[in-house]
Amino acid sequence: MLGWTLREVSAALKQGQITPTELCQKCLSLIKKTKFLNAYITVSEEVALKQAEESEKRYKKGHSLGDLDGIPIAVKDNFSTSGIETTCASNMLKGYVPPYNATVVQKLLDQGALLMGKTNLDEFAMGSGSTDGIFGPVKNPWSFSEQYRKKRKQKSHGEKEDSDWLITGGSSGGSAAAVSAFTCFAALGSDTGGSTRNPAAHCGVVGLKPSYGLVSRHGLIPLVNSMDVPGILTRCVDDAAIVLGILAGHDPKDSTTVQDPVKPFVLPSLTDVSKLCVGIPKEYLAPELSSEVRSLWSKAANLFESEGAKVIEVSLPHTSFSIVCYHVLCTSEVASNMARFDGLEYGHRCDIDLSTEAMYAATRREGFNDVKL
Amino acid sequence: MAAPVLRWLCPGRRWAFARTGGCSYHRRGVPTASTSSGKRGQSSVAQQSLITAQEPRKGDREWAAVVGLEIHAQISSNSKLFSGSQVHFAAPPNSLVSFFDASLPGTLPVLNRRCVEAAVMTGLALDCRINKKSLFDRKHYFYADLPAGYQITQQRLPIAVDGSLAYSVCVGKKRGQAVARTVRVRQIQLEQDSGKSLHDDLRSQTLVDLNRAGVGLLEVVLEPDMSCGEEAAAAVRELQLILQALGTSRAIMAEGQLRVDANISVHHPGEPLGVRTEVKNLNSARFLARAIDYEIQRQISELENGGEILNETRSFDYKLGCTMPMRDKEGKQDYRFMPEPNLPPLLLYDSASLPAGADPQQVINIDQIREQLPELPSVTREKLVQRYGMLPEHSFALLNEVGLLEFFQNVMKETRAEPKKVTSWVLNTFLGFLKQQNLAVSESPVTPSALAELLNLVERKAISSSAAKQVFEELWRSEGKTPAQIVAEKQLELMRDDEALEQLCRATMEAHPQVVMDLKKGNPRAINKLIGLVRKATLGRADPTAIKDVLERQLSG
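As given, the protein sequences belong to chains P and G, one line each in that order. By full-length UniProt numbering, the letter at position 186 of the first sequence is numbered 186, and the numbering carries on one by one without gaps. By full-length UniProt numbering, the letter at position 481 of the second sequence is numbered 481, and the numbering carries on one by one without gaps.
Errors might be hidden in some of the hints.
Result set (BS3-like, lysine-lysine): computed pairs, CA atoms no more than 27 Å apart in a straight line [unchecked claim]:
1. G:K521 <-> G:K536
2. G:K461 <-> G:K490
3. P:K253 <-> G:K133
4. G:K421 <-> G:K521
5. P:K50 <-> P:K107
6. G:K536 <-> P:K253
7. G:K139 <-> P:K253
8. G:K536 <-> G:K461
9. P:K14 <-> P:K26
Facing chain P, according to a computed beta carbon distance under 7 Å, are these residues of chain G, among others [said to hold, decoys possible]:
10. F89
11. S103
12. G106
13. L108
14. R138
15. L343
Hints were generated in silico from the structure; no laboratory data involved. C-beta atoms are modelled at their ideal positions from N, C-alpha and C, and glycine is treated no differently.
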């Protein structure tokens with residue numbers, strides 16, 4: 001059951017095949033069993049069980065809030081969650097308990113979702129491996145798959161099993177691992193330069209980066225304000241669409257969200273792709289691309305073509321400049337966004353009280369880590 | 001200050017050409033070669049650097065000062081510029097702080113409409129060009145009262161540019177004549193105020209109050225078109241009145257709602273501008289002119305003594321009456337300006353460009369705001385001059401005190417006395433009493449009605465004007481009594497009995513034959529003495545003009 005889609009589980013809950021509390025308990029026990037993945041920083045067991053109780057009452061009365069009512073979800077630890085520690089996997093915010101919920105978190109809670117916990121990430125979402133947080137790296141569930149275990153046994157003899165594991169990619173590695181290991185049905189990540197899509201690919205789940213301005217960033221502790229978006233991780237595309245439908249829309253608290261009203265949508269079931277035109281940017285066929293990835297890409301393109309879709313070459317001529325621009329924008333905005341971490345109002349504060357400047361310097365030296373670009 | 005009499009001209013920007021020992025200086029300040037050689041005092045001028053004057057003769061050449069201002073006015077609004085927390089003066093510390101103001105991670109700015117309207121109104125009142133598109137930027141520096149580590153301001157493209165502010169200075173020997181001046185407004189920008197730091201030196205700690213953090217400010221930048229402290233103070237005063245008339249800021253300096261930074265430099269007329277210093281945080285109307293003038297004098301003294309002016313920031317010590325260097329500068333501050341990514345460009349419309357079907361709550365129409373602008377002080381003054389034939393100086397004085405104009409107009413409503421008389425009573429007598437007891441108009445024990453009644457009594461010649469002054473004094477002291485009551489109590493009615501007056505005059509003249517003789521000899525002061533004597537006899541109840549008429553008639557006849 002933990003492997004079902006959102007719609008399937010939702011139907012089961014409505015029909016009473018399983019109660020939210022039972023579902024919640026199953027996920028919680030799996031989280032405990034998969035603790036070695038280090039996907040969760042905080043497991044909000046009490047909160048989740050209470051929410052499950054409320055959901056159960058609603059289902060008994062036949063007043064479920066929607067497709068997500070009673071469904072376990074996880075949230076990356078750079079989203080503000082009221083009353084629940086939010087660390088961004090950094091010493092700077094260890095022990096920081098926000099007084100408000102991020103808009104996207106609130107939207108999920110308003111739909112009755114059960115918050116299982118806050119997932120691990122690269123510190124402040126800076127990284128692409130989920131290895132650089134202070135709580136340690138996240139291990140890819142596929143490290144413990146049959147396939148990989150066989151491969152490992154063949155290669156290493158006497159090497160510690162402990163050190164031979166696969167990364168989840170990042171920075172939303174914890175969320176991707178949580179979804180991939182069936183501990184929840186959907187998870188929130190964030191995506192600035194691939195931080196949702198990257199770990200999704202590594203962990204074999206669906207990672208959706210909504211267009212900038214579609215989903216509110218209020219409550220998402222920012223890395224690059226002009227590029228960040230909340231990301232959605234699920235096990236199938238349909239589930240991602242359902243979650244997007246709930247999260248999308250203008251938020252008066254976020255001035256960069258689009259004002260146009262968002263109409264609820266349902267993904268059409270695509271059995272006929274003959275009317276589809278798929279473009280492949282030629283600049284993406286970079287010489288550094290691994291042969292494995294290239295062959296998979298060709299495979300997908302051929303699949304579309306064989307089913308009748310049109311597959312053509314397109315050009316995105318500024319592609320080569322993108323990473324350079326990204327670095328310039330990223331470094332400026334990050335430096336700017338990190339300026340607020342001084343230990344005065346919240347977060348870590350050092351013991352030095354010689355002068356304001358000495359306090360700032362020591363706090364920031366102790367609280368921050370090194371950035372490995 | 002024991003400074004030599006340094007010839008520095010103010011107010012005004014016209015100056016005479018300086019001459020030294022026969023060498024004539026062209027406007028550019030370069031002496032002709034032939035005359036400069038051989039004369040020791042002048043050779044230095046030829047190599048004169050742009051910044052310092054080496055070996056000048058003290059007090060010989062004239063100086064001109066150049067003053068520019070950056071004025072921060074707190075916007076009068078219910079909530080802050082980018083968050084919903086309230087704006088109140090003197091609230092308990094840290095009681096008006098939203099999550100955004102405290103820079104909690106994940107919070108985002110949301111622009112306050114009222115603040116934008118205030119900026120547009122102020123821009124229109126100062127004849128600025130309103131930028132239909134303006135941008136927000138981050139200005140970074142670390143300080144305890146700046147929680148986010150940056151201030152949101154408008155550096156690249158502010159909301160209003162290229163305006164002008166007309167003001168008046170009083171010139172002449174008695175400073176009685178008002179002369180009009182203009183200063184260009186470079187720009188008006190919206191920005192956040194910072195919190196407040198209270199330094200507790202006793203316990204070596206700094207206490208931070210964030211109530212003010214995030215309050216909306218209008219920064220008005222005035223070009224260096226002013227030349228002394230008096231002009232700067234007058235310009236600031238006029239701006240204050242404009243802001244108050246618009247309602248965009250209460251602009252009370254004592255409450256920190258109006259703060260001024262001055263950029264000051266000196267140079268010899270005809271030469272390039274000197275190095276400027278910035279004098280920050282002038283928060284008192286009284287000390288504004290003084291601080292600027294002090295700095296001008298300091299710079300002149302420094303240069304005349306062969307020193308140089310550093311491009312630095314200074315503050316004014318009110319107790320010592322001098323400016324002191326402020327920031328410890330290890331090089332210039334780099335603010336690392338960056339566009340504010342959380343705020344899209346601010347777009348304003350006019351009636352022509354307003355998109356059809358736009359939600360009026362979501363757009364600002366500049367034309368609409370222009371139509372609804374309240375009357376500006378300059379217009380009010382002009383109306384007073386036109387309507388009442390008032391002197392411009394008096395119109396200034398009436399607008400210079402809170403509530404005074406209203407008081408004046410209320411008196412005018414209830415009396416038929418001449419506007420000149422009312423003006424004089426209000427500006428001299430009434431205002432005099434207020435100032436003596438340090439009261440505001442609203443605290444006056446004398447109401448407009450009471451004063452009007454008093455003036456009517458004078459108008460009807462029921463009492464003399466000197467008696468009226470006595471009545472006024474009594475009115476001020478004892479509340480509740482009407483002028484009529486006081487007149488009756490003190491028996492101040494003007495003598496109406498012409499017969500009795502005639503008799504008294506004759507009697508007085510008979511009693512003082514010497515004075516009459518003096519008068520007949522042609523001594524002009526004798527008549528006044530006689531009038532005084534008659535008045536005394538009438539116990540001050542006769543009108544001196546009437547007495548004079550009777551005496552003159554009796555003497556001639």
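Does K536 of chain G sit within 27 Å of K521 of chain G, going by the straight-line distance between their CA atoms? Between K521 of chain G and K536 of chain G the Cα gap is close to 24 Å, so the pair holds against 27 Å.
Against chain P, with CB atoms and a cut of 7 Å, does the hint on F89 of chain G hold up? violated (23 Å)
Cut-off 7 Å, beta-carbon criterion: hint that L343 of chain G touches chain P: holds (6 Å)
Any CB of chain P closer than 7 Å to the CB of R138 of chain G? With Cβ-Cβ at 6 Å, under 7 Å, it holds.
Would the pair K139 of chain G and K253 of chain P pass a check requiring their Cα atoms to be no farther apart than 27 Å? Within the cut-off at roughly 22 Å; holds.
Proposed proximity, K133 of chain G with K253 of chain P (alpha carbon, max 27 Å): Cα-Cα ~22 Å, so holds.
Restraint status (C-alpha distance of K14 of chain P to K26 of chain P at most 27 Å): Answer holds: K14 of chain P to K26 of chain P is near 18 Å, not above 27 Å.
Under 7 Å is the threshold here; is the Cβ of G106 of chain G close enough to any Cβ of chain P for the hint to stand? holds (4 Å)
Quick one, are K536 of chain G and K461 of chain G close enough, alpha carbons at most 27 Å? Roughly 19 Å separates the two Cα atoms, so the pair holds.
What's the verdict on K536 of chain G and K253 of chain P, does the C-alpha distance respect the 27 Å limit or exceed it? violated (80 Å)
Please check whether L108 of chain G passes as an interface residue: C-beta within 7 Å of a C-beta belonging to chain P. OK, holds: L108 of chain G within 7 Å of chain P, min 5 Å.
Given the hinted pair K50 of chain P and K107 of chain P, is their Cα-Cα distance within 27 Å? holds (18 Å)
In the structure shown, a violation is registered for the earlier hints numbered 4, 6, 10, in ascending order.
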